[in-house]
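Residue numbers (our numbering), protein chains in the order written: chain A, 632 to 832; chain B, 632 to 832; chain C, 632 to 832; chain D, 632 to 832.
Since the hints were made in silico from the structure, they are not lab data. Quantities reported herein were computed from a predicted structural model and do not represent experimental measurements. A few of these clues could be false.
In the DSSO-like style, the derived pairs of lysine-lysine whose C-alpha atoms are separated by at most 27 angstroms in a straight line are [said to hold, decoys possible]:
(1) C/K756 with C/K700
(2) C/K714 with C/K645
(3) C/K790 with D/K714
(4) B/K713 with A/K756
(5) C/K812 with D/K812
(6) B/K714 with A/K827
(7) A/K694 with B/K713
(8) D/K812 with C/K790
(9) C/K790 with D/K756
(10) A/K645 with B/K790
4 protein chains.
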Amino acid sequence: MRITDYFQKKKMFKRGPQIITLKDCGMIAAFTGLGNGDTVVDCGAGSGFLSCFMGNIVKPNGKVISYEKREEFAKIANYNIKKAGLEEVVTVKVKDINEGIDENEIDVITLDMPNPETVVPLAWKALKEGGYVVGYVPTIEQTKSFVFACEDNGFSGIKTIECIVRDILVRKDRGTRPDTKGLWHTGYISFARKIKKEEKV
Amino acid sequence: MRITDYFQKKKMFKRGPQIITLKDCGMIAAFTGLGNGDTVVDCGAGSGFLSCFMGNIVKPNGKVISYEKREEFAKIANYNIKKAGLEEVVTVKVKDINEGIDENEIDVITLDMPNPETVVPLAWKALKEGGYVVGYVPTIEQTKSFVFACEDNGFSGIKTIECIVRDILVRKDRGTRPDTKGLWHTGYISFARKIKKEEKV
Amino acid sequence: MRITDYFQKKKMFKRGPQIITLKDCGMIAAFTGLGNGDTVVDCGAGSGFLSCFMGNIVKPNGKVISYEKREEFAKIANYNIKKAGLEEVVTVKVKDINEGIDENEIDVITLDMPNPETVVPLAWKALKEGGYVVGYVPTIEQTKSFVFACEDNGFSGIKTIECIVRDILVRKDRGTRPDTKGLWHTGYISFARKIKKEEKV
Amino acid sequence: MRITDYFQKKKMFKRGPQIITLKDCGMIAAFTGLGNGDTVVDCGAGSGFLSCFMGNIVKPNGKVISYEKREEFAKIANYNIKKAGLEEVVTVKVKDINEGIDENEIDVITLDMPNPETVVPLAWKALKEGGYVVGYVPTIEQTKSFVFACEDNGFSGIKTIECIVRDILVRKDRGTRPDTKGLWHTGYISFARKIKKEEKV
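When you get a sec, could you build the whole thing from the sequences and use the hints?
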């Protein structure tokens, strides 16, 4: 059983709120250089998909603390974390992250929530030097609020992307072409890094 | 220092043959569910970027064995692996993978080489049940050869994608829009899984 | 009433076989520089959408001859041509184009049919110097057959494109973002030009 | 000589300000159903490319009136119009369009200018029932201003698109794939239609 199974099989992971796609999980992991041993704060947990995806990478030495203010979502997330055997790595905290990030020296903070900009000053304090804060939101307006908050709070190397993954049909009998319809947009992903001016890369 | 630094700073990683992009590394990690403890075979090593990227995820319990038939590329790869502090995790083997995969019970095999289709029968034997073989090639013709070889050798859940990442410029003074020019195409990534018929998901 | 109305309202145009999208009509018009006075051969007529679209541009001095070998499609095309008031401009000819193109000194030949490569030698003869032949097919394999036939028959400036049009939702209340789902692929459009070697641009 | 030649050959058309691409010309023609006999107002003329493209379609019965407030651009536009043999169809008017649109019963108004939103009320008056106003701008912020102005001024069927055209390399010797780099973004194109409430389609 691999982490991809939990994403693909409805039976495996319960789906509560809208879940993140594997493609966006992959972009977050790649552009933050997520690896073993990292300490990650994820908010909101939602159904826990992103937390589990990251937990599977940072274990056994790292950990994911997943903030979720709604009890009912926290329950779904906890169910999925247990299902994936990641309860040693991923912890759900039922708390509004705007009330404070309890952890510090964090490597990566992922914000998959409607107003990630309010968390940016807290993220700056909680992050390790060189750490990343990531905002994942569907609209341009939310992206702007997050990016400008990062600029205003001293973050560097700010970068916004959209990741489009297209299925290509490769068939012996009917030829090769991209699939007719597909997912055009999930969200914009913005990355910002806590780097002191004199050390900027 | 994070793995992303080695990708971004020319000083950090030596660049020999064409290197893989972070976006494609991210897609490979995401769609194979790469995580701690995985055993990976990567071929060809090239400059070692993909091997290092995956090593950073599978460590400390997993390992990456990186096949490379050209001595001079193996040297560059080894230099970069050492630079990234991954010599405990990533091993370069100077060998043509077509002569045989020495390892078995492998979780993921990544083939970033001109003719990955020739390796498919070997991959089937070397993979663990449920493991993935991944072909990463620039053209449709190469993609077809790889996909058809996977079909002919019993693989399941075969899927080809292209991943397009677009930079979005978010600027207080000059407005928001996608960057004018960008990378339109690197390669098609095909995934296939070793799953026994009766267990197919 | 504008030509766009016939495309959008189901009541206006009858739809028989798969119809071409407005985006692809636009690309064909743009990349061939379609304009008033042009003589166009279109095959197959299908429901007559592309013929009507082009007829609306080339009228009153130009004309569109639309080949269609299936009687039942020719009827639908004729119904739509009449509906759009283009019967002076667009003529449907019930004939297999492989049996010969009766017209000559043609400006643009559009081939929206499964095997456009068989028509390429006929297109060379029928086209005016500087004229365009256009192949519109869904798969890479068909595209290759058409493009290679154009190369082998002396055509110049051969170019294949795919045109992707994405709807952007712009909303006062819910923000701005691309539409979630959409049309990822219709067909590849290939353009080739009849230009004598010494005059090639 | 076809209109596409003027776009491709530097010798043919003088290039002053940034010119519009053929793909965007094609989208504007397709989504407004531009055809013979249409009366078009274009602003600003710039180098006159879009005006010439449209003039080539609407002639001989239609006309394009091209507003341009900068004398030096008007000169370039006039040079190109003459070059393309379109002086009977396309007229450049050296005037700030915000001071008023002199024409009425217009079919299509195209606004390729930094603040098209200021022209929207004038466009409503000048357009024929069923006519289109088109805004073509590079950023999301400009797009929003234009779209909201259209909403506020009674326009219907408002639609914003981005058109991405990708070159596909089809080669006997080196295989088939999209071109590595390309044009990722030119501008967003927004369409709005003057339709009375009771007639809305």
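Problem - C/K790 paired with D/K714 [C-alpha distance capped at 27 angstroms] - result: holds (26 angstroms)
Problem - Holds or violated: A/K645 to B/K790, with C-alpha atoms at most 27 angstroms apart - result: holds (24 angstroms)
Practice task
Decide if the proposed pair is consistent with the structure: C/K812 and D/K812, CA atoms, cutoff 27 angstroms inclusive.
Solution key: Within the cut-off at roughly 25 angstroms; holds.
Practice task
Decide if the proposed pair is consistent with the structure: C/K756 and C/K700, CA atoms, cutoff 27 angstroms inclusive.
Solution key: holds (21 angstroms)
Exercise for the section: Below or equal to 27 angstroms on CA atoms is what counts here, so check D/K812 against C/K790. Expected result: With Cα atoms ~16 angstroms apart, D/K812 and C/K790 stay inside 27 angstroms; holds.
Handout entry: Proposed proximity, B/K713 with A/K694 (alpha carbon, max 27 angstroms)
Key = Distance of about 26 angstroms is within 27 angstroms: holds.
Practice task
Could you grab the alpha-carbon distance between C/K790 and D/K756 and see if it respects the 27 angstroms cut-off?
Solution key: Roughly 42 angstroms between the alpha carbons, so the hint for C/K790 and D/K756 is violated.
Exercise for the section: For the pair we were handed, B/K713 and A/K756, check the Cα-Cα distance against 27 angstroms. Expected result: violated (32 angstroms)
Exercise for the section: Verify the proposed pairing of B/K714 with A/K827, using a straight-line Cα cut of 27 angstroms. Expected result: holds (23 angstroms)
Practice task
For the pair supplied as a hint, C/K714 and C/K645, confirm whether the alpha-carbon distance does not exceed 27 angstroms.
Solution key: holds (9 angstroms)
Violated hints, in rising order: 4 and 9; the structure is consistent with all others.
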